[in-house]
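Given chain C, work out where chain Y should sit, using these hints.
Chains as they are written, first to last, in this note's numbering: chain C, 1 to 387; chain Y, 388 to 1000.
What the hints contain is simulated information worked out from the structure, not anything from laboratory work. Keep in mind it's a predicted model, so treat the numbers as computed, not measured. Just so it is clear, CB atoms sit at the ideal spot from N, CA and C, and this is done for glycine as well. Some hints could be false.
[To be verified] Mimicking EDC-like on lysine to aspartate or glutamate, the simulated pairs with C-alpha atoms at most 16 Å apart in a straight line are: (1) K644(Y) - D78(C); (2) K91(C) - E589(Y); (3) K91(C) - E591(Y); (4) K827(Y) - E817(Y); (5) K91(C) - D584(Y); (6) K586(Y) - D342(C); (7) K588(Y) - D89(C); (8) K588(Y) - E232(C); (9) K586(Y) - E155(C); (10) K852(Y) - E842(Y); (11) K362(C) - D342(C); (12) K290(C) - E194(C); (13) K210(C) - E194(C); (14) K737(Y) - E815(Y); (15) K569(Y) - E155(C).
[Unchecked claim] On the chain C side, residues computed to face chain Y include the following (Cβ under 8 Å): (16) A26; (17) F46; (18) L48; (19) R49; (20) C90; (21) V98; (22) Q103; (23) L105; (24) Q113; (25) N123; (26) C125; (27) S142; (28) L143; (29) D144; (30) A153; (31) W156.
[As the list claims (entries may be wrong)] Pairwise CB distance ranges, derived in the manner of DEER restraints: (32) L658(Y) - E16(C): 52 to 58 Å; (33) H583(Y) - T188(C): 51 to 57 Å; (34) H583(Y) - E16(C): 56 to 62 Å; (35) I574(Y) - A30(C): 29 to 35 Å.
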Amino acid sequence: MYKRGLVQVWSLEQPEWHCRIDEGSAGLVASCWSPDGRHILNTTEFHLRITVWSLCTKSVSYIKYPKACQQGISFSRDGRYLALAERRDCKDYVSIFVCSDWQLLRHFDTDTQDLAGIEWAPNGCVLAVWDTCLEYKVLLYSLDGRQLAAYCAYEWSLGVKSVAWSPSSQFLAVGSYDGKVRILNHVTWKMLTEFAHPAAISDPRVVVYKEAEKSPRGALGRPACPSFRAAESKYEIAAVPVSLQTLKPAADRANPKIGVGLLAFSPDSYFLATRNDNVPNAVWVWDMQKLRLFVVLEQLGPVRSFQWDPQRPRLAICSGGSKVYLWSPAGCVSVQVPGEGDFQVLSLCWHVTGASLALLSKDHFCLCFLETEDEADGAIGQLGAHT
Amino acid sequence: MGDWMTVTDPGLSSESKNISQYTSETKMSPSSLYLQKVLCSSIPLSKNVHSFFSAFCTEENIEQSISYLDQELTTFGFPSLYEESKGKETKRELNIVAVLNCMNELLIRQRKNLLAQENVETQNLKLGSDMDHLQSCYAKLKEQLETSRREMIGLQERDRQLQCKNRNLHQLLKNEKDEVQKLQNIIASRATQYNHDMKRKEREYNKLKERLHQLVMNKKDKRIAMEVLNYVGRADGKRGSWRTDKSEARNEDEMYKILLNDYEYRQKQILMENAELKKVLQQMKKEMISLLSPQKQKPIEKADDSTGTGISDVEEDPGELSRESIWDLSCETVREQLTNSIRKQWRILKSHVEKLDNQVSKVHLEGFNDEDVISRQDHEEETEKLELEIQQCKEMIKTQQQLLQQQLATTCDDDTTSLLQDCYLLEEKERLKEEWSLFKEQKKNFEKERRSFTEAAIRLGLERKAFEEERASWLKQQFLNMTTFDHQNSENVRLFSAFSGSSDRDNLTVHSRPRQKPYRVSNGSPICTSKLTKSLPASPSTSDFCQTRSCVSEHSSISVLNMTPEETRPNQVGGECANQKWSVASRPASQDGCCSECSWTSTNSHVEKDGLP
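The following block holds chain C by itself, in its conformation from the complex (with noise of 0.2 Å):
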C-alpha cells in the first residue's frame, strides 16, 4: 500500500502470522523481498534511501543514495548478493552487499553517463550494466568490480531499452530502440548477431499464428454466445509472406513506443521471446541453436507481457483481454479465462513448478492449473495483496 507508506505480510503456511511495517513519513515507493525471505527491502520516497526489515530479528538497516531508476536493484539468482545502483555528485555507483549479513562488499563507480538498469548474469559472476536511453552502453563487470567489457552498437540515437541474460548466462540480449536485438556472447563480450524486427515478413521458414476470433453466429442471425462474454479465439497459421500491424510512435512524446521493449529467454535457453514496440500486437520467438527467427504470434490486442514456464520452454502471453495464450514449440492454444465479468488478463506469473500459472488483473487474480493433458483449469480468487 504505497499510498499510506504501509507493507502488510502474511505468512502462506501460518495464516496467524502477520507482520505490519509502517515507514510512516518517508513514504513508500517500492518494496520487495530479499531472496531468503526473512528480509523485505523498502524504498522511501523520493529515493532517499532503502530500509532493510528484517523479520526475523525487527533489525533495520538503511542504505543511502539508492538511485531511482528502472532497475535500480538487482539480487543474484543464487540469492548472495544484492546489487544495487546509487548515484552520489552525479556520479553512479554500483554497490555490492552480501544478502546474508547485508555487509557492503564491494564499491565502484560505473562508467555511465545515467544508469538505467543493473542486472546480475544467472551465474551470479557478471553485472550487466546500462545507461540511459540517450546512450547506447552496456557493460559488463565481475562480482569483484572489475570492469570486464563495454559494448556499444552505434551512437546518437536511442540505445537500449531492455536486456536480458540467458539462463545459461551465455548470451546477453540486449533490445535497443532501433528495433533490433543484439545477442552478445559471454567469452568475448562481443556481438554475435542481431535479430531485427521488420513488419513485414517473407522467410518462408518462419511460422506465423494469428489469432482469429471464432463467432460463431446462431440461425437467427444473433451472436450464438451472450454478448457479455467475449468471443472464442483460435490460432490460425497465415501464410507467408506477412505483414502486420504496426504503430506510428509521436515523435515528440516521451517514452515513444518503439524499440524491443519485452525480452525473455525460455529456460533452456534455446528460444528467446520479443516484443518490439513499434509492432504491439506480435510476438516474435527466435531460435537461438540457429539464431533465426522461428515463430510470430500475432494477437489481436496488444501484447502487454509474457512470461516464459520456470521448467520447460512454454510461453503464456496475455494481451489485456480476458484469454491467456499458451505457446510452446508443439503449438500454441488460447485459452478463455472462466467466470463473470470480463476478466481483463493485465499480467501473468508462473509458479516455480511450471504446473500452474497466476493471471492478474486490476483487483483480481486468476490461478490457472496447467494439467498434463494441457488442459487449463482455472480458479478464481480476490486479489489479497498488492504483492
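Structure of chain Y alone, referenced to chain C:
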C-alpha cells in the same frame, strides 16, 4: 584538183554543214573531201555506206584519187602505189601489188586499231565502274563518319550529364555529411549542456534530499515501526544489530571463491571445446593427407610434390605418438604448428581440386572438339544398327508368336491337326524310325546268326558223335588187337569204355574248340570230371588212351571260349553240381598216364582250378 564536188546526197546533208565549217581552203582536193568525210564518219555508216564509199572516188577522178592515196600512204610510211617510173614524164602505172599490200596492211592496222579501241573502251568502262564504286564507298564512309561523329557527340553529352549528376550527388552527399556532422556537433553540445544542467539539478536535488533525509531521520517518528507477530526476539528484548564488521573477510573470501569457481568451470568448458576442436582438426588433417598421398605418387607438379612430400615427411615422423601427446598441450607453438599444418594441407588439397577441375574442363573441350564428333557419329551409327536389329528381332518374335498362336488356336480340321500335331517332331520321328529299322535289322541279323550258330552247334554235335563212334570203333579194334597180350589194363578198359562212352561229346567239343588260354576252364572241365566220375569205374585205358587222355586233359585244360550262352550254361551247371575244382596248369600231361589215370580216377582229387574267379 580544185574540183569540189558538192555531194548532194540526202544522207550527207547534215554533213554539208560540217563540211562548210571545215572548209577554209579554196583549193579543195579530194583529200580534204575525204578528210571531211572521215570526220563525219561517226555518223552511222549503214545508211551511207555505199554513198560514202562511192563519194571519194568516182569514175572521173580516179587518177586524182590514186595520187592522193599515194601521197597519203607515203606520208604514213607505206610504199608507193605507183610502179617504179623510169622517167618523170611518163605516166606512172598503178602497182597493183603495192596497192594490195597497202590494203592488207591497212586492214591489219584497222584491225589492230579496232582491238585497241575495244580495249580502251573496256578499260574505260572498268575505270568508270571503279570510279562509281569508289564514289559510292566514299559516300557511305562519309555517312558513317557522320553518324559516328553524331554518336560521339551524343555520348559525350551523356557523359557530361552523368558527370554533372555525379558531381551533384557528391555535393549532396557532402552536404548531408556536413549536416550530419553539424547535427552531431549540435547533439554533442546539447548533451554536454544537458549533462551540465542535469548535474546542477542533481546537485540541487541531492541537497534537498539530504535535508529531507536529515529531517526524516531527526524526526524519529514513532510510527516508523515494525510490528511482527511472534518474532524471534533477542534475550534482552532489544533489536538485534547488524553485524557489519567481523564478517568482511569471510565475505571477501566467499566472493573470490565464487568467482574462481566460475572461472574454473568456464575454463574447463573451453578446454573441452578446444580438445574436441583439436581432435576434429587432426582428423581432418589425417584425412586430407590420406586423400592427397595417393596423388603424390603421380608427379603432377613438381612444386606441389616437393612441398607435399616435405609435409608428409614432417607428418610421418617416427615420433608420431609423442606428437599426439604434444598436441594435447595447448602451448603456443603447438597450436601454431597444428594450424599451419592444417592450412598447408588445405592449400594442397585446394590446388589439387583446382587442377582436377582444369583437367576436367580441358578434357571436356578437347573431347568436344575432336573426338566427340567422331564418337558421336559412331555412336549414332551403332544406335541405328542396334535399332534395326531390334526391329528385326521384334518382327521375328511377332511372326513366331503368330504362328504359335495359330498352332494352338486351330482346332478345325482333324486331318490338319493330326498332320500339324507332330510337324515339329517329324524330323526326329523319322530319324527315330530309321534308327529303329536299323536296330530291327541288326536284331534280325543277330537272330540269324544265333540260329546258324545253334544249327552249327547241333551239326557239330552230331559230327562229333559220329566221330566219337568212329573213334570208338577204331579203338575197339585196336584194343581187340591188343587184348590178346594182356589183361592188366582191365581198369583202363573200364576207364576207357567209361571215358569213351561218356565224354565223347566233351572231347569232341574240346577238340573242336580252338586252343585258347585257360580262361574259362570250368566250362569244360567240370563236365569232363562229372562225366568221368560217372563213368570212371567202367573204362580201361591204354597208353594211347592215356595219350589221348593226356591230350584230352590238355585239351580239357584248354578253355572253352566263345561259347554261346546256351551251351555254356549247362556246363556251368554241371560244374557247379559236381563241385569239384580242377587245377589244370599244375597237371602236366604225362605219357605214363596209367598211374595218373589211376590216381585221377581213384581219387576224387580235389582239383583246383586256377584262374577261376
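Proposed interface contact between C125(C) and chain Y, which counts if any beta carbon pair is under 8 Å = holds, 4 Å
N123(C) as chain Y interface residue, shortest Cβ-Cβ below 8 Å = holds, 6 Å
Mind checking the CB of D144(C) against every CB in chain Y and telling me if the closest is under 8 Å?
-> holds, 6 Å
Is the interface hint for A153(C) satisfied, with its Cβ closer than 8 Å to some Cβ of chain Y?
-> violated, 16 Å
When you check the alpha-carbon spacing of K588(Y) and E232(C), does it fall within 16 Å?
-> violated, 53 Å
Taking 8 Å as the limit, does the beta-carbon of C90(C) come near enough to a beta-carbon in chain Y?
-> Because about 4 Å separates C90(C) from the closest Cβ in chain Y, which is inside the 8 Å limit, the hint holds.
CA of K290(C) to CA of E194(C), is that 16 Å or under?
-> Measuring from Cα to Cα gives roughly 13 Å; hence the hint holds.
CA of K91(C) to CA of D584(Y), is that 16 Å or under?
-> Distance ~14 Å between K91(C) and D584(Y) Cα, so the pair holds.
Given the proposed pairing of K91(C) with E589(Y), does the C-alpha separation stay at or below 16 Å?
-> With Cα atoms ~10 Å apart, K91(C) and E589(Y) stay inside 16 Å; holds.
Does the interface hint hold: is L48(C) within less than 8 Å of chain Y, judged Cβ to Cβ?
-> holds, 5 Å
Taking the closest Cβ pair, is F46(C) under 8 Å from chain Y?
-> holds, 6 Å
Taking the least C-beta to C-beta distance, is L105(C) closer than 8 Å to chain Y?
-> holds, 5 Å
Figure legend: structure checked against the earlier numbered hints; hints not met, in rising order: 6, 8, 9, 13, 14, 30 and 33.
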